[in-house]
Structure formats: structure tokens, C-alpha cells
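> Please take these sequences and the hints and turn them into a complete structure.
Residues per chain are reported as follows:
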Amino acid sequence: MKFISEFRDSELAQGLISDIRGKSKQKVRLMEFCGGHTVAIFKYGIRQALPVDIELVSGPGCPVCVTATSDIDKAIALAMIQGVIIASFGDMLRVPGSRASLQQARAAGGDVRIVYSTLDALKIAQENPSKTVVFIGVGFETTAPTIAASVLQAKEQRIKNYRVLSLHKLCPPVIKTILDAGEVKLNGLICPGHVSAVTGSNAWEFVARDYGIPCVVAGFEPTDILQCVDMLVTQVENNQSKVEIAYKRGVTPEGNLQAQKIMRQVFEPCPANWRGMGKVQDSGLKLRSKFADFDAAVAFDIKPEPSIEPKGCICGEILRGVKTPADCRLFRKVCTPENPVGPCMVSSEGSCSAYYLYGEH
Amino acid sequence: MCLAVPVKITKIEGKEADVDIGGISQHISLWLTPEAKVGDYVLLHTGYAISVLDQAEAAETLKLFEDIAKADK
Numbered sequence: 428m429k430f431i432s433e434f435r436d437s438e439l440a441q442g443l444i445s446d447i448r449g450k451s452k453q454k455v456r457l458m459e460f461c462g463g464h465t466v467a468i469f470k471y472g473i474r475q476a477l478p479v480d481i482e483l484v485s486g487p488g489c490p491v492c493v494t495a496t497s498d499i500d501k502a503i504a505l506a507m508i509q510g511v512i513i514a515s516f517g518d519m520l521r522v523p524g525s526r527a528s529l530q531q532a533r534a535a536g537g538d539v540r541i542v543y544s545t546l547d548a549l550k551i552a553q554e555n556p557s558k559t560v561v562f563i564g565v566g567f568e569t570t571a572p573t574i575a576a577s578v579l580q581a582k583e584q585r586i587k588n589y590r591v592l593s594l595h596k597l598c599p600p601v602i603k604t605i606l607d608a609g610e611v612k613l614n615g616l617i618c619p620g621h622v623s624a625v626t627g628s629n630a631w632e633f634v635a636r637d638y639g640i641p642c643v644v645a646g647f648e649p650t651d652i653l654q655c656v657d658m659l660v661t662q663v664e665n666n667q668s669k670v671e672i673a674y675k676r677g678v679t680p681e682g683n684l685q686a687q688k689i690m691r692q693v694f695e696p697c698p699a700n701w702r703g704m705g706k707v708q709d710s711g712l713k714l715r716s717k718f719a720d721f722d723a724a725v726a727f728d729i730k731p732e733p734s735i736e737p738k739g740c741i742c743g744e745i746l747r748g749v750k751t752p753a754d755c756r757l758f759r760k761v762c763t764p765e766n767p768v769g770p771c772m773v774s775s776e777g778s779c780s781a782y783y784l785y786g787e788h
Numbered sequence: 007m008c009l010a011v012p013v014k015i016t017k018i019e020g021k022e023a024d025v026d027i028g029g030i031s032q033h034i035s036l037w038l039t040p041e042a043k044v045g046d047y048v049l050l051h052t053g054y055a056i057s058v059l060d061q062a063e064a065a066e067t068l069k070l071f072e073d074i075a076k077a078d079k
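Those sequence lines, one after another, are chains P and L.
Our numbering puts the first residue of the first sequence at 428, with every later residue one more than the last.
Our numbering puts the first residue of the second sequence at 7, with every later residue one more than the last.
Wrong hints could be hidden among the right ones.
Stated by the list, open to error - Simulated coverage check for chain L against chain P, where a stretch passes if three residues somewhere in it have a Cβ under 8 Å from a Cβ of chain P:
(1) 27-38
(2) 44-51
(3) 57-67
Said to hold, decoys possible - Capping the alpha-carbon separation at 30 Å, the derived lysine-lysine pairs in DSS-like fashion look like this:
(4) P:K429 - L:K17
(5) L:K79 - P:K470
(6) P:K587 - L:K76
(7) L:K21 - P:K452
(8) L:K69 - P:K452
(9) P:K587 - L:K21
(10) P:K738 - P:K750
Simulated from the structure, these hints should not be mistaken for lab results.
Computed from a predicted structure; not experimentally measured.
Beta carbons: idealized from backbone N, C-alpha and C, even for Gly.
Set out below in C-alpha cells:
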């Protein structure tokens, strides 16, 4: 068992597609929350393989995309402070802020470094004791525990020049916001696989219970996604709404309790600004006061100028599932992966990038 | 961003481990999965294992897919 190739078997996929075709009787609209799912759905041609009655819409599950322009401006302001080294995941560098991107800040003399992991950022901090390393903490519940662990490691190893700018976001509160807004009518939710590996599938119970929407957690291989759609269609056709897992090898109802514990130990919920959705209560994470020494927001008084949103960009509506990239006047004309106007074109998991790379021309 | 890949643990030292990714060895953190053992497959995300993969569940899922594919024929 390699846990990859087995789940890409075309015969098994064909069996699942036939099963879905046999069960699907009514029109359904399913939202894939996660940007990783959007990419996999496009890459494996899953939209084309499904019956026309099954519509898939992309959700806000791309942490880079939902980071507010004002927060990117903060990271850029930090990059321009003397003695600061910015450590960031690569996806963030090209996201346009109001006036520049982190990449442009680097060109202007800022010390901005791409890291694969907070472990690399800790190493940079150890190697540069006279400087302050600020890690740009972007990510959902999947990533937040790894950032929390880095703070605990910094404390344990007495690394005193490591800070985190926490821009973390939590998924269940924003799903609630989208459902409460009622702009997009959903018959099922393809729940994020790796967020759920940490939170457990129980995090989605409120969607099935309070909104009557079937929820199935999916993995990222083609048969995982097809199994998820199969289970959602079964629930819809049987008038059920419950939470199920189509990724049982990696996800349990309770999730990763150790990761949840470490996340709670270091972070506490706070309001957060989402691109396209504005401020959502308890949807962000900030460092607890006992870890204030590691908090970039405490260490630096950053007040960038008021933020400016890119003109004509509809990333906000796309993230809410209300519009698709095809509805955007800038898409493919002005906004391309080489010259992105909005974040959904920058991130490899952004809807615009997926539509651009794999969508119909 | 939430990308995580299955990797096999080949060696454990304290809270850290060596893993095999398609023949390439990488050093990762086990802070979030202290229960992981040598030989286990874990989901690797940004240098940390975030979940120990369940071999029995994987086999059961594949068996289910095979049954569905057979029923289709």
C-alpha cells in the first residue's frame, strides 16, 4: 500500500462514476470548500465525468486567497523594517497588496525568504541572532497546529528572535457565514480532507444538523472525490443530512487531538477579516497573551495606510461561490498567472488559477 | 495550501523522524503525531506529520470500490 496509486485506479473510478450515474435523479449543487479539491476536480476531469445534473461550485478554501489585502499590507510593512527577516510560504509572495506584493518588497530591499516549513524559519532565526524572524502565519486548521508547534519549540529551545504574524483562519465559522448569507443554495458539502484530519469530521455536524445539508469529508485522489460525490448523492436521494467520511484512512470523527491541544495551547479565537466576506467573529486565531513574546503584532506597531482593493476583481464573490472566474471581466484578459490582479489567480489552489490552467478555453 | 502527502517513516529520534518520499529521504517533525511508529505512513504537511494513515481503513475502502466496480459490470 502506497496510499496514492491505488486511489488513482481508472477502473475503480469508472465503477464509482457508473454508480453515481445510476443513483443521481435530481439536480444538485455541491460545494467543494477546499482549494485542493478544486484543483484535483479540474486536474482529473471530474466535472466532465459526472452527470450534468451534478453541479460543483468552488468555495473559500484557499488560505492565501482569503487573506485580506489589509493583512498583506501588514506583512509588507514588516518586510520593510530594518533588521526583520520575513519567512513565508511561497504562495504568499506574489499576492498583490494595496501598493505592492511581498515579492516587490523583496526587490525593494526587504529580506523576504520562502520557507517550506516553520522548522526552516526557526533555523533562520537561530542562524541570525541579531535579526528578528517574522513568520507569516497563513493557513487553516491544517497548518495552524504546525505554527503553534513552532512557537512551543522556539520557547523550549530559547529562540528569542522568532515571531509569528498570525493570519490564521478557521473553516467552520466561514461556512456558517456563507450559509447564513443564503446567496448560494447548496445540496451538499464536500468537506476539506486535511482540515478535517485535524478538526475531525465532527466539526461539520452543525451543517448537517442546523442547515439540513449533507456533508462528506473527501481525500484528494480521484476515487476519493468520486466516493464523496457518490455518498452525497445517496444522501440527497434518500432525503438525509448527516456527516460521513470518504477519507477514512486519514480522517476520524474526533480528529487529531494532539494537534488540537497544541493549537489551543498557543492560540485563541479572534475575529478575522476574510477577503469577500469581511469580518467574521471567532474565525481567526491570535497568540495567547502568555506567548506575547512571539507575537509579531505585539512586537511591532504596524499601521499600514488604508488598503485599496484591486479594481474590477471579483475574487470576493468567487470565494463565496456566488460567481465563477468566467464571470470576471479581467479573467484571462488582464488577469493571468503571469500578471495576477487578484489572489485567486496567484495561488496554485485558487479557483481562477485552476480555471485558467484546466478549464474550458 | 493544505496539501499533505503520504510518506513512510523509516527512523524515529525523539520528536523527529526520517521519512521516505518516493525514494528521497526527508527529516520531519512528529510533534503532532507522537503515536507514529517506524513503518507507519503519515500525512506530511509543511514538515509536520498531521495524521497517521490507517492501513486497514484504506484496504476496506479499496475493497468497497472493487465491489462497486464489479457490480457495475
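> Is it true that the CA of K21 (chain L) sits at most 30 Å from the CA of K452 (chain P)?
violated, 51 Å
> Is the coverage entry for the stretch 44-51 of chain L by chain P consistent with the three-residue Cβ rule at 8 Å?
With 3 residues close enough to chain P, the hint holds.
> Given the hinted pair K587 (chain P) and K21 (chain L), is their alpha-carbon gap at most 30 Å?
holds, 21 Å
> Would you check the hint for K738 (chain P) and K750 (chain P), treating anything up to 30 Å between C-alpha atoms as holding?
holds, 17 Å
> Verify the coverage statement for the stretch 27-38 of chain L against chain P, using a C-beta to C-beta distance below 8 Å and requiring 3 or more qualifying residues.
Coverage by chain P holds for the stretch 27-38 of chain L (3 residues, Cβ < 8 Å).
> Does K17 (chain L) lie within 30 Å of K429 (chain P) when you go C-alpha to C-alpha?
holds, 18 Å
> Cut-off 8 Å, C-beta pairs, minimum 3 residues; does the coverage of the stretch 57-67 of chain L by chain P stand?
holds (count 9)
> Between the alpha carbons of K587 (chain P) and K76 (chain L), is the straight-line distance 30 Å or under?
Violated. K587 (chain P) to K76 (chain L) sits at ~60 Å, over the 30 Å cutoff.
> Given the hint that K69 (chain L) pairs with K452 (chain P), does the C-alpha gap stay at or below 30 Å?
holds, 26 Å
> Are K79 (chain L) and K470 (chain P) close enough, with their CA atoms no more than 30 Å apart?
Within the cut-off at roughly 27 Å; holds.
The structure is inconsistent with the numbered hints 6 and 7, although it conforms to all the rest.
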